[in-house]
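Chains A and B, in that order, give the protein sequences. Residue numbering for the first sequence follows my numbering, beginning at 866 and increasing consecutively. Residue numbering for the second sequence follows my numbering, beginning at 866 and increasing consecutively.
Bear in mind the hints are in silico, worked out from the structure with no lab data behind them. Worth double-checking, as some hints may not be accurate.
The list cannot tell twin chains apart, which means a pair is met if one copy fits it or any two copies do.
What the hints assert, rightly or not - List of simulated lysine-lysine pairs, DSBU-like, C-alpha gap at most 35 angstroms: (1) Lys1038 - Lys1109; (2) Lys968 - Lys1109; (3) Lys1109 - Lys1027; (4) Lys902 - Lys1027.
Protein chains: 2
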Amino acid sequence: MDPIRIDDPRDPRVAAYLDIRERDLAGRQGRFVAEGKVVLDLLLSSRRFTAESILILENRLGGLEEVLRKAQADLPVYVVAGGVMDAIAGFHMHRGILAIGRKETPHPAGSLLDALPAQALIVVPVGIANHDNMGSIFRNAAAFGADAVLMDGTCCDPLYRKAIRVSVGAALKIPFASFTDTAGFTAELDRRGYDQFALSPRGRIDIRDARRGERLALYLGTEGEGLPESLLARLQTVRITMSKGFDSLNVAAASAIALHHFSR
Amino acid sequence: MDPIRIDDPRDPRVAAYLDIRERDLAGRQGRFVAEGKVVLDLLLSSRRFTAESILILENRLGGLEEVLRKAQADLPVYVVAGGVMDAIAGFHMHRGILAIGRKETPHPAGSLLDALPAQALIVVPVGIANHDNMGSIFRNAAAFGADAVLMDGTCCDPLYRKAIRVSVGAALKIPFASFTDTAGFTAELDRRGYDQFALSPRGRIDIRDARRGERLALYLGTEGEGLPESLLARLQTVRITMSKGFDSLNVAAASAIALHHFSR
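Construct all of the structure, not just a fragment, from the sequences and the given hints.
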């Protein structure tokens, strides 16, 4: 494709990139923003997501030839000078590589579970509202070969710009779905033969002694509140034993330890 | 102590809190900023650091009585309304609890090593310039009972405001020191009988198979570059095995896995 030069920040062809930060908060009607070379590469390689356009700082174009070769021939690639980029995005975009992707139609949790292999590891975030933590959980899930992320309806969107960036693109790689009926979801996993472990500082089993079967669901709660009592009562609870004077671990760090332990 | 009401953001008694973000970047002549209730509690309980003053939003004072009881009787506690707090700090301070602490005289690495017990676990960050990562490494070090952090001279200051906050105060709890002569430092640890493990994606031993002796030093490098080749050649290298398609782990997550593995 031939890059298209844009000089006016208000050019309608780059309207989707205007005021990126504010637009994140307001939602973007089925679209998301991918940032940086690694994430762009994953977006262009994805079979689940489609890129609608790319916006690149002129001095970054040279390093992107190999990545851009993966783009469809008719995908618009807009090239801008630094000042124009900042004026479009509404703040200083030092990375200089942006793309708009289109979200897929949300999967029902059940159909995502149908598609998983006989041996499966799924991550189940509950109430994770912080985009950093969500992104890190996806990154760790990808690093340790989790097959899917199934989250409850109170979690934040993993396709929020910052979550994708922190995930280093894992949010575009690992299939995910949401569920609203938590009791129904745990019952469904029982029927499908999943071990269901809830990570909790007050868990009954030390994770060093926890052994998984063929199918495992790992539930992660928020740092402050943790998982709801009703879930803890229902599931097997697993703890990461910590130092007595300082038993505080970020949920992303806890997910790294647990996923590493249960990965095969 | 009796709280002192401040109504003028330019009152000289709160000058140390002015434009907090910019001042972080410029350094603060032997002082640091502690933020939030948990960190303030650790500062007031510390034998290594002294608080110089406290600045609190008026509506937070009620919840702090127990923490403030740990303060010396002559420690000034300034109380302000929300607008005054924001005008002093230079941005919206929703936490509403700040304190200025005084740094201790830096320890030479050797005297810190002298003070460690016969069985010791130390963390050795090399080139960690990101305050989030530094804070997370301290938090994980505290959670898994590390005795000290010894960092090379290219690391960032763990007493930077954001690093302390991300560490949830662990930066005030775990003793730390810097070294400049890396070769001399590794030789020193050899003499003191430390196992020296370098965490690296290309490490020779899978961490699951790594066994520590009485004294262990765990080296952590940056995410992009990793540890310098000279160090990797010199030390035992340990890897965290990851998924083939996505072998990318944040250094904080890697430190959590390794410290959990080696903690006792």
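Do the hints match the structure? See the list:
1. Within a single copy, Lys1038 and Lys1109 get their C-alpha atoms only as close as 38 angstroms, which misses the 35 angstroms cut-off; across copies the closest is 13 angstroms, which meets it.
2. For the homomeric pair Lys968 and Lys1109, the shortest alpha-carbon distance between copies (26 angstroms) is at most 35 angstroms, but the shortest distance inside one copy (45 angstroms) is not.
3. For the identical chains of this complex, Lys1109 and Lys1027 are neighbours both inside a copy (34 angstroms) and across copies (25 angstroms), given an alpha-carbon limit of 35 angstroms.
4. Taking CA atoms no more than 35 angstroms apart as the test, Lys902 paired with Lys1027 passes in both settings, with 15 angstroms inside one copy and 27 angstroms between copies.
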